[in-house]
Every structure is written in structure tokens, then in C-alpha cells.
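Colleague: The primary structure of each chain is shown beneath.
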Amino acid sequence: MSIELKNVTKHFGEIAAVNQVSFSVQEGELMALLGPSGGGKTTVLRLIAGLEVPTEGDIYIRGQRVNDIKVQKRNIGFVFQHYALFKNMNVFKNIAFGLKIKKWRSADIRNRVSELLELLGLDGLGKRYPHQLSGGQRQRVAIARALASKPSVLLLDEPFGAVDAKIRQELREWLVTLHSDLNVTTLFVTHDQEEAMEVSNRIVIFSKGNLEQIGTPREVYEEPANEFVARFIGVMNVLELEVSGGVGRAGELEFPVRDHADGKLRIGFRPFAIQVSPNPTQLPYRAILRHTFFLGVMLRLELELMSGLTVRARMTKEEYAQLGLKEGQKVSISVRSFRILRGENEPLSAEIPAAQKSPATFAEGI
Amino acid sequence: MPGHIRKQQKVARSPSRRGTEEPVFIRWFLIAVALLFSVVFLLLPLVNVFAQALSKGVEAYWRALVDSDSLAAIKLTLLVAAISVPLNVVFGLAASWAIAKFDFRGKSILNTLIDLPFSVSPVVAGLMYVLLFGLQGHFGKWLAEHDIKIIFAVPGIVLATIFVTFPFVARELIPVMQATGSQQEQAALTLGASGWQTFWRVTLPSVKWGLLYGVILCNARAMGEFGAVSVVSGHIVGQTDTMPLRVEKLYNEFNSAAAFAISSLLALLALLTLGIKTLLEWQEAREYERAQRVSEPAGAPVVPGQKVETELQR
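Going line by line, the protein sequences match chains A and B.
Numbering follows the working numbering, in which position 173 of the first sequence is assigned residue number 173; successive positions increment by one, without gaps.
Numbering follows the working numbering, in which position 233 of the second sequence is assigned residue number 233; successive positions increment by one, without gaps.
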């Protein structure tokens, strides 16, 4: 066990930035702390680093309780959001800083720094000053500096927040490679769910200081612990149903909800749960394809139902081409399954298969 | 009409000038005004000081400087500066650090208090010390009983100078420290540096220019202060005369060549500090340039971002 938090709480004045958080990180793991801004994820990172002191609870690094160990002695590498490079020092001196403080011999320092410069693709930039580097280069200098004295844990605060989209993508891939090369336990903070899903082995999701869920990217996507997680990780169609006689209705959409009393009920379903057919009569509901958004390999479709209700579907480019879809086209859709939503922090119901065909609307289609 | 249209086309075709640029004659006019003002109000008087100082020849100039009373004034001025500038640096660093990096009760009061000497006339500043420590003052009697002389003595001059120069270093440092934030210091801590090491290796170097400006301004004022010092000094020749007081005295005695000789020393000092500052800046710029050149692959300049790609693809 590399890092362990036990019931950690951090108050800033009256506000609980982190509330009773417990989780552990395995040795060598690459873990993401994910959540909306103000969710407490950066505070958790700073607590682990020792830049903040917990109000309650215990923090362990490699089995040792570090609550009373100062940041200087925790042997962590920390990469700040805006890099925080020493402006008055060149790249070499930035990376060598921690080693000099730890009184390494100067020959060893030279070897270690040139090793890192090579590892991070910064050869020949040793004499540059931070303001003479591009954003991506600064980022890598910051990582090299954090790694220099071989920390037991690498902590990164929004590591890709300050670079543009194209470089961000490359840096992500590069971080994964670096992690598998060095195998150092790594925690990074991000508010970008896609980034977390793509890069990490496991994700810890925070909201308003609370730990909402911890799991692999697949687990949090497919088995979200509650509505917050479900809506934060990926897109979800949320509908408010009017239930009467075991059937919930929103516009022309109908969902079997046998066990629920009459009244209002909220449900949600992933864009993947929507099936689309170019034949306007094949599936129960008629709709018009209003917009297609290109998200790399995947496409997001905005479908407007006859009643004016809009739902979002997702498919690959290949499927889209196979079906011969285009914007403005009349199509028919169905919803394969859905979940009942009981509230932000309440667990979701299991997936409920929706009725494939509802005779009433089908007849209307003819 | 056709002529009008042609004229418009001509303007539209003019070489790629920026839309924000002023017409040429306005630029020249502004430059000329700025130059004229600096020559008339700055350069000419400065040159005149040296011209007047040397009006009776180099020998007279030298004699004016090595006159025992003038030497005493020079020594006293250096002593006052040597005491008040370091104190100011210590205070300025502490105050700007506190104001820029911490939130505490009374922060805005401290911030306002620092500016007080700017808004109080130096003569009033001097008078405040006379009222406190003078014979008729609150502590005057006690001081007299214990035979401690503050007013009309060196300690009074030092006190008045410290008061007047109080804001200089702090005012220069506060904005610099606020702009730098505390992330670099935090980074140093995570790398194992103690508070003391962080201060010497990270904080101080990152504010060095602000500090240097502050020290230059503070020093110039400490050596050149007239009003406050004049009130507390008592003008005792050879004992409590600083250089500016000596200049005034010589000038009033119609010994203008000697007055200008002392003045020229003060002016020289100002020029020297400015020269040192420029040299240091130039050295740093050259260091940056060298760093850029050494690591530049021959030819193409680096477009930020593109370089990252090629390196990552390798």
C-alpha cells in the first residue's frame, strides 16, 4: 500500500473542503482524482503532499503515518498546476534544486539531471530559462524536477490544464508511457473525465468534499455509484416521467415502471442505450436527426422527437456511415434500457430493459 | 467624386500598417516633446552642476571636497545611509512578505501606514521627532537626565532619515511579491528546502530587481534628504551637517563653486547607481540570450508547441 487516507477531513474556516475521505492507492498505481472544481480533489493532493494539514484523520505513505511529518521530509514529488518553475534558474538548476538541497555530490547531480533531461526529451535545453520554453516543455521540466530525487509518490495537480488541446493529448499518452517506464505511484488531479478515463488505472471521484466513488474507468462508467457520478462521467439523458398505471411517460416515450406509484419519476439512460434506424417506421418512435457532433472516433447525435423532446445518442463513425444517416433526416429510435434516478447522492437502480415496441405509437407510425 | 474614390483606394493599399499605430507626425511630435522635456529639465541642470562645480578649476573643486567640514558632512551622510538603508531592506522584505503572502488582521492598516511618510511633509516628519525627543518634548527630560542626545545629534538624523525612506523598499517589493505568488516557495518546500533555504534561493532571487530598485531609491533619498534632517540636525558644522545641509550652507555663504562640488558628488552617486543597475540588467539579458542560443538547433527558431511535438514523436 503506497498511500492510505483514513477518514481525512479538512476544514477551511467553516467550510469542509474534504469530508471524511478514505481510500488507498496501490504501489505503482496511476490514479486520477476527478471532480468538478471546488470538489476538494486538489486539497486531497495537497494533504498527501503535506502542504495542508488535515483537520481530522490520518494519512499514511508506505505504511508510515505522515500527519506530523513535514512536507520537506515526505519524499514526494509535486507538480504544480502552473508548474511553479524557479524563474531565476535555468532548466538544469531547476531540476538539480532538490538534489542540491539533499547534498548530493555534484557529479551525481550532473548524471541524474542529464538522465532526466534525456528521459523527458529535454536534451539540449538545460541552459534555457523557464520563460524561454513552450508550455509542454515547462510541464516536463516540472515533472523532471519532481522526479529528480526519486520520490516514493508523484503528485500532479491538473497536469494538463495549462496547455492547448493538441499537446494535451500527447502529454497524456506520454504520461502513461512515463508511468509504465518508471512505475512510480502517481496521483493526478483533473476535472476532465475523459482525461481521467483515458490515463488512469483507477479513478477517485469527488464532489463537494465527499468521495463519491472509486473504481476503474470501466466500473465508474458502467456501474456509477450514484446519479452525480453517472452524470459527471459521460453524458446521460435525464427525463422526468409522469407515471400512471405502471407506465412512465415523457412526451411520446413510454417506460415500464410497474413497481412505482403514480406521480413523478426521474430516469436516465446513456446515449449508447438509444438505437437509431434510418427507416422511420422500424422502431417505435419517430424523430428527426437535428445535429451530429464529431468527437473523434465517436459521434454524438441530437435527435428531436415528434413531441419536441430532444435526446442524445452516440455511435461510431462506421455505424453512422452504414446507416447512411445525415442531418435533417427522419429516423426512428428506441431506448434499450434505463435506470431510475432517486437523487444526486442516491444509488441508481439496476438497468431496466425498456419495452421494445409499444403498439400505440407503432400504429401511429403506420 | 472619381478623385475621392481614387484617394480612398490609395489609403486601402498602404503597406501593412497596424490599425493601432499613430500617424508618423504624431509619433515624431511625442518623441520630440519627451526628449525636449528630459533635456531641459533633467540633462541640462545635471550638466550645469558639473560645469559650475568645475568653474574655478579642478584644484578648487578638489579643495572644496577635502575641506574638513565637507569631509565630515560626507562621512555623516554615508553613515546615515549605511544605517538606514539596511534597516529599510529588512523592514521592506518583512512587510512586503507579510502583505503579499499572508492574510491577517490589520493588513490594510499596515499597508496604509507604510505610505504615511509619502503623504507627510518631511519638515513635519522632522518636527515630530523634535516634539518627541527635544528638550521640550515628551521624552526630552528623561533623555536629558540620562545624557542621551537624539535631537541635534546623529541619532536624530538617522531616525528622521528612516522615517522618510520608510516606504521605498516595501513599495517596490509588494507588487513584485504579489505577482510572483507563493507557488515557487511551495515547490521549494516539496523539494526538501527549509524555510531559510527557500528564502535565500527562491524568494530573494525572484524579487531581486524590485529589491535593487528599492535600495537605489532608498539610498538616493537617504543621502539626499533635506527637510526632515534639517529640522532635527541643528546644523552644527563638522558634526551634524549632512551633504545636502552642507550644500545649502555653502550656497548661502556665496561659495557656489564649493556648493556645486558637493552637489556633484551627490549627482555622481546617482549616476553611478543607475549605471550599476543598467549593467546588471544588461548582464542578465545577455545570459538569457546565450541560454537561448546555446540550445538552439542551427537555423529555424523555435515555435512554442511545435518543438514539443517533434520531440514527443521521436
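The set of hints was computed from the structure by calculation and includes no laboratory data.
In this text, a Cβ means the ideal position worked out from N, Cα and C, and glycines have one as well.
Misleading hints may appear alongside valid ones.
[Stated by the list, open to error] Pair by pair, the computed Cβ-Cβ distance ranges are:
#1 K103/A <-> E287/B: 22 to 32 Å
#2 L204/B <-> G38/A: 54 to 64 Å
#3 K208/B <-> I69/A: 26 to 36 Å
#4 E222/A <-> L204/B: 45 to 55 Å
[What the hints assert, rightly or not] Subject to a maximum C-alpha distance of 27 Å in a straight line, what follows is the list of computed BS3-like cross-link-like pairs (lysine-lysine):
#5 K141/B <-> K102/A
#6 K330/A <-> K317/A
#7 K73/A <-> K56/B
#8 K277/B <-> K56/B
#9 K87/A <-> K150/A
#10 K149/B <-> K127/A
#11 K264/A <-> K326/A
#12 K73/A <-> K100/A
#13 K249/B <-> K107/B
#14 K6/A <-> K102/A
#15 K6/A <-> K87/A
#16 K149/B <-> K87/A
#17 K102/A <-> K87/A
#18 K6/A <-> K103/A
#19 K150/A <-> K127/A
#20 K249/B <-> K93/A
#21 K208/A <-> K166/A
#22 K102/A <-> K70/A
#23 K107/B <-> K127/A
#24 K166/A <-> K317/A
#25 K103/A <-> K107/B
#26 K87/A <-> K56/B
#27 K149/B <-> K93/A
#28 K107/B <-> K100/A
#29 K56/B <-> K70/A
#30 K103/A <-> K166/A
#31 K87/A <-> K103/A
#32 K149/B <-> K249/B
#33 K101/B <-> K93/A
#34 K70/A <-> K150/A
#35 K87/A <-> K249/B
Colleague: Which numbered hints does this structure break?
Modeller: The structure conflicts with hints 2, 5, 7, 8, 10, 11, 13, 14, 15, 16, 18, 20, 21, 23, 25, 26, 27, 28, 29, 30 and 35, although it agrees with all the remaining ones.
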